[in-house]
Amino acid sequence: GESVGLHLPTLSVQEGDNSIINCAYSNSASDYFIWYKQESGKGPQFIIDIRSNMDKRQGQRVTVLLNKTVKHLSLQIAATQPGDSAVYFCAERRKGTALIFGKGTTLSVSS
Amino acid sequence: GAVVSQHPSRVICKSGTSVKIECRSLDFQATTMFWYRQFPKKSLMLMATSNEGSKATYEQGVEKDKFLINHASLTLSTLTVTSAHPEDSSFYICSAKGHTSTDTQYFGPGTRLTVL
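Respectively, the protein sequence lines represent chains A and B.
Under the numbering used here, the first residue of the first sequence carries the number 1, and numbering increases by one thereafter.
Under the numbering used here, the first residue of the second sequence carries the number 1001, and numbering increases by one thereafter.
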């Protein structure tokens, strides 16, 4: 079935580096995308979202890029910090339905 | 952002018993609530969608008689795991969406269920 997935299950970076986490989606009808951060034993925490009529959105230290041509979503984290270590999920929403989550990428930041 | 709470945060029960998990929106009215299930090191799997005052819509493969969902008010939804078995052990997470918010789903902190 159609689903949202991530390219890499794990990503290890050094503190201060920029991190890029990728996600591929398959449903061209999806109109809204979100990145969530989940720490162990906790619920997902909203990071940043983007609608399908945009291709880039910036937040504080984070940027989301959307390429609808290849159905690709990425999350860029600038100056990654140890506190950024967590599992990151992309999620898509098809209009009128609930969010569907991808598989997750575990980001490990070493000092 | 909006706050969603869950209670309890952790619960251990014996096989055959039923467990109720509450999900509350603390500072907004949640017209729609969602229940997800998450296995260790896996993604969140949508179980059901509930709208206030109406029956929940369950995803394919989710037993509605086993996972009873009630959304009786605009701030409270409950998930009852009936006749729990060890395979029901999981992390259950709810999320809520208000009628004024077209997109944003706010997530609760999750409930860890362990069935012995």
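Hints listed in this document are in silico derivations from the structure and should not be mistaken for laboratory results.
Since the structure is predicted, the reported quantities are computational estimates derived from the model, not experimental observations.
Glycine is no exception: its CB is placed at the ideal position from the N, C-alpha and C atoms.
Please note: incorrect hints may appear among the correct ones.
No farther apart than 25 Å at their CA atoms in a straight line, the calculated lysine to any residue pairs in the SDA-like style are these [said to hold, decoys possible]: (1) B:1041 x A:46; (2) A:37 x B:1045; (3) B:1041 x A:68; (4) B:1042 x A:55; (5) B:1041 x A:39; (6) A:37 x B:1022; (7) B:1020 x B:1112; (8) B:1042 x A:8; (9) B:1042 x A:74; (10) A:42 x B:1014; (11) B:1042 x A:106; (12) A:42 x B:1054; (13) B:1042 x A:46; (14) A:103 x B:1060; (15) A:42 x B:1046; (16) A:37 x B:1014; (17) B:1041 x A:48; (18) B:1041 x A:111; (19) B:1042 x A:82; (20) B:1042 x A:54; (21) A:103 x B:1039; (22) A:71 x B:1042; (23) A:103 x B:1062.
Listing some non-contacts, in silico: residues in chain B with all C-beta distances to chain A over 12 Å [what the hints assert, rightly or not]: (24) 1018; (25) 1020; (26) 1059; (27) 1063; (28) 1072; (29) 1078; (30) 1083; (31) 1085; (32) 1088; (33) 1089; (34) 1110.
Check your understanding: Which of the numbered hints above does this structure break?
Key -> Per hint list: 3, 4, 12, 16, 20, 26 and 34 violated.
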